[in-house]
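Keeping their order, the protein sequence lines are chains R and D. For the first sequence, the residue numbers in my numbering are 1 to 368. For the second sequence, the residue numbers in my numbering are 369 to 696.
Treat the hints loosely; a few may be bogus.
To be verified - Covered by chain R, per the in silico footprint, the following chain D stretches (three or more residues, Cβ under 8 Å):
1) 397-406
2) 473-485
3) 671-677
These are calculated hints, taken from the structure and not from any lab test. Fair warning: this is a prediction, and the values are worked out from it, not measured in the lab. Virtual Cβ for every residue (Gly too), placed ideally from N, Cα, C.
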Amino acid sequence: MSTRLRVTIAHPAALLHWTRIRLFATWRSSCVTLAIVYLAAKLLPSLFDWALLRAIWSPSHAALCRDTRIAGACWAFVADNYRFILFGTFPAEEQWRPALVIVSLLALYAVCGFHLLRRPTLLRLWFGELVVIAVLMWGGVFGLTYVENERWGGLTLTLLLSTFGIALAFPLAIILALGRRSGMPLIRWLSIGYIELIRGVPLISVLFMASVMLPLFLPPGVSIDKLLRAQVAMILFAAAYLAEVIRGGLQAIPAQQEEAALATGLGYWDRVRDVMLPQALRIAIPPLVNTFIGFFKDTSLVVIIGLFDFLTSIKVSLTDPTWSGFGVEAYLFAALGYFAFCYPMSRYSQRLERQTGYGTSLRALRDN
Amino acid sequence: MARRLDTRQRAVLCQILLLVALCTAGWYFLTNVVDNLLSRRIASGFGFLWREAGFEIGESTLLSASAADSYLKALTVGLLNTFRVALLASTFATLIGGTLGLARLSPNWLLAKIAAGYVELLRNIPLVVQLFFWYAVITESLPAPAEALNPLPGFYLSNRGLAVPIIVTLLPLQIEHPTLNAFNFSGGVVLSPEFTALFLGLALYTAAFIGEIVRAGILAVDRGQYEAAQAQGLSQGQIMRLIILPQALRLIVPPLTSQYLNCIKNSSLAVAIGYPDLVSIANTVINQTGQAIEGVAIIMLVYLTISLTISAAMNFYNRRIALRGART
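So that you can see chain D by itself, here it is in the shape it has in the complex:
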C-alpha cells in the first residue's frame, strides 16, 4: 500500500524533479550550441580577447586603444568610457536633483510648479528618445565651430560638441582654454557630440528621479523636528542644514544608490547614438567575431559585478548609519 508522502518528502521530491528538468534543458541547449557553432564555424572560448581588434575607438579615457590593440584592451577602453560618462552624469544629476527636490518644496508657487513640471516631463519620456533628441540638437541645430555659442567664458558649444577649459596644474592654478583653429578647437578638452548628448541626457533624466527621492526624504522627516528647531530660534537655512537634511539623508541614500546603479545601466544606451561604451564595443566585437555568447556574457558579468559591488557597499553604509536599536 502506497503511503502518502508528508510535506517534507514532497518538497525534496519536487526539488529533485526541478533539478532533473533543468539539467535536461541545459544539456539540450548545450548540444544545440555545440552543433550550431560547429556548423557555422564559430570559435568558442575567450581566446579571441588577445587577438588584434582591428578597429579604432574614437574617444577614450586614461587608456587609448588603436586598431592594432587586442579585443581585451578595446573592451577595457569601453568600460572606462562607461565609467567616465556614468560618473560625470551621476555627479551632475545629484546636483540638479537636489536642487529640484528643494525647489519642489519651495513656498514659492512658481518655482515649485516648474520643478514639478520638469520631473513629470522628463520621467515620462523614454531615455533613448531624449538621447536622440539631444544628439539631434547638437549635430543639427548648433552652429559650426566658427560661430560656436559661448555660454560661459571658456566654454564653446558647437555641432562638434562641447569644448571646455581644463586644469593643467593645480598649484599654481593653471587653466588651459580651448581656442578655435581653422575648423575645430584645440587646447582644453573637446567633448564629442556623442559624449555630450549621452552625458546631458543621462544627467537630466536621472536628476528627475533623484529630485523625487530628495523631496520624499525631506517630507518623511517628522514635522515635530521642524517645529522644535523653529522654537530654538534657528533660521530656515540652519533648520534645513542642521536638522532636516541629516535625518533625511538616512532615507535618501539607499534609493539614491539604486539611481546611480540605474545611471550606469542606462549608460549602455550609448550604443544607440554611437558613443563607444562597453556595450557598443562588445557589440562591435560580436559582429566581428560572431562569438555572441562570450560577448553577451562579458557585458552581463561586468554589469553584474558593478551592481553587486555597489549594493554591498550600500548595505555596509546602511548598517553604519542605521539608528542604534532600529531594525535593518
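Extracted from the complex, chain R is given alone in its bound form:
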C-alpha cells in the first residue's frame, strides 16, 4: 500500500532500511524484485539502442532508415512531417496563425489549471479566446487572408474539436441533467431516453450518423460541411456523458439547500442558477475533468470518417512512399502526443480529488 512515507535517502542506513522493507521484505518479494531487474537489464538496453542511439533523426538521411542493419527508430518521419501533423494543409506562410491558436489555448488551459484568475475574469477570457480563434483560423478580416475550414487540420483541429465540443456540450448537458430530475414526465422521459440512447451506442455510430445520415435530413440544396457535422456529433455525444456527471453533482447537494431556496420564494430558474448549479458544478469538477480527458481521446475517432485531425495527419503522412512502413515510429509519436495532453490533465484531476476530499482510489468505482 502506498504509504506516504518519506525517507531521507541521503543517509545510507535509511536507504538500506528502505530497500529491505520495500524491495526485499519477504523471499517472494525478493524474487519479484530480482525478476523485474533481470527483465529490465535484458530489454531496456536494446530498447534504448533502438529508440535513441541508432535512431535516424534527420529527414535528409531518410534512405538510411531502410537499412535494417544500422538503423534504429526512424524519427526523421516526424521531423519531415511536423508541419502537416501540427497544422494540416493550412497555407505555409499563414501557419503562424494556427500556431498562435495552439499556444493561446495551451496558455489558457494552464491559467485554468493553476487557478491564476478569478472565475468571472476567466469566463470573459474564454469568450475572447473563442473570437480570437475564429478570426485567426478563418481570417478574412484585419488583412488576414481567408482560409476555408477544409484546410484546417492536425493538432490544431484536435484541440479545436475537443475545446469547442466540451464548451458547446455544456449548456445542453445542464438542460439534460435538469430534465432528468424534472417533475414533468414528458421532459424527464425524453432526457432519460436521450442520455441512455447515446451512452448505449458507440461514438462511431453517432459519427456515422453525422457523416452519412444527417445530409438526408436537411432540405435539398442545403449542405453542412463535414467538419461542422462531426463537431455536432461530438457535441451531442459529449452532452449525454456530461449530463450524467452534472446530475451526480446535483444529487450530492443536501436536499435542505433546495428546500431553503424554495422557502425564500425563489423561482425555479433562480434556484437552479444561484443555488443548485454553483454547488453541483463545484462538486463535479474532478469527474468533469475525467470526462474531458475521455472526450479528448475520443476526438481521435474522426480518423474513421476521414477528418484531418492529429491522428489522421500522421496516418496520411505514412502513405508517402518515403515513409511507408514506419508505422511503429509514427504511432509511438501519436501516442506520445496524446499522452502529453492527457497525463497532466489526469494528474490535475487526481490532485483536485485529494483537495475536495474524495478518495482518488474510489473514483474508479464511482465514475463508471
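Given the structure of chain R, go ahead and fit chain D onto it with the hints provided.
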C-alpha cells in the same frame, strides 16, 4: 381578467408545447428525408437485408458468409465477430486487470510502481492509436511466417498474425498444433493480424481500467476486516481469498460490468483497422446500398439491445448479492 396559471397547469402547458415542437421538427425532417430519398433514388425499408451482399468476409466465427449470401447473413457474421473479439478481450482484460490491481497494492515498491505506470500510460492514450500501433507492430515489425517468433511451444507470431494450437477433442485430449507450409501456417487456428491487433489492444486497454476498479474495490474494504483476519491467524493469501476479495467483489462487479460494456462498444473501432465486425460490415452495406438510415439504425439497435440486456442482468445480480437491509 386573465388568471395566473398555477404550477401544475404551467407544467402541462410546457409539456404540450414541447410535444408540438418535437412533432413539428420530426415532421419537417421526415419530409426532407422523403424528398432526398426520392431525388437520389435511394430505396427505403429493410428489404435490402434479403438481397445478395456480393462481398466476401475475410474471417468468421461459427457461421461463414460468402459473396452469394444475403446482407442479413453478412451482418450476422459481423455481429458474431464482434462477440468473438469482445468476449476474448474481456476475459484476458479481467485476468490482466486483476493482476494489475493486486500488483498496485503490493508491498513491493518496484512492482507497485510498474503496475501504476502501466495504468497511467494505457489510460492516457486513445484506443485507436493503440490499435494502429499494434497493427503496425504485427504487419511491419514481425518476421515473415518462415522466421516466425515462437514465444510459447505451439504459438507462432508472424506478420500474418498469431497461429495457436487448438483443442480438437477434449476426451481424450487431442491438440492440433499449427505447422508451417511454404508461405503460411496450416492446422491449429490462425488469427489474422487485424484480429490479433484488435484483441491485443482491447484487452490491454480495458485491463488498465479494470486494474483501477479492482484496486479501488480492495481498498474500500474496511481495514478492521483485515486486522481481524490477521488476529485469527490467517495467512496473507487466506486473508485475500477468504476475507477481502469476497467483500470487494460486491463493489467491483457493477463497474466491472460497465467495463465489459465499454469493451464491446470499443470493439467497434475494428472498422479503423479493417476487422470485419458489425460496424465494419454495416459500413460496407451503407456504402453499397446508400441506405444510411437503416444501416446506422441497425448498428444502434444492436448495441442498445446489448447495453440494456447487460445492465438488466447486472441489476438482477446486484439485487441478489446486496446485503440484507442495505439500500440498493
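Now the hints, each set against the structure:
1. Figure legend: the region 397-406 of chain D, annotated as covered by chain R; annotation consistent (6 residues with Cβ-Cβ distances under 8 Å, at least 3 required).
2. Proximity of the region 473-485 of chain D to chain R, defined as three or more residues with a beta carbon under 8 Å from a beta carbon of that chain, is established by the 9 residues found.
3. With 4 residues having a Cβ less than 8 Å from any Cβ of chain R, the region 671-677 of chain D passes the three-residue criterion, so the hint holds.
The structure shown violates none of the earlier numbered hints.
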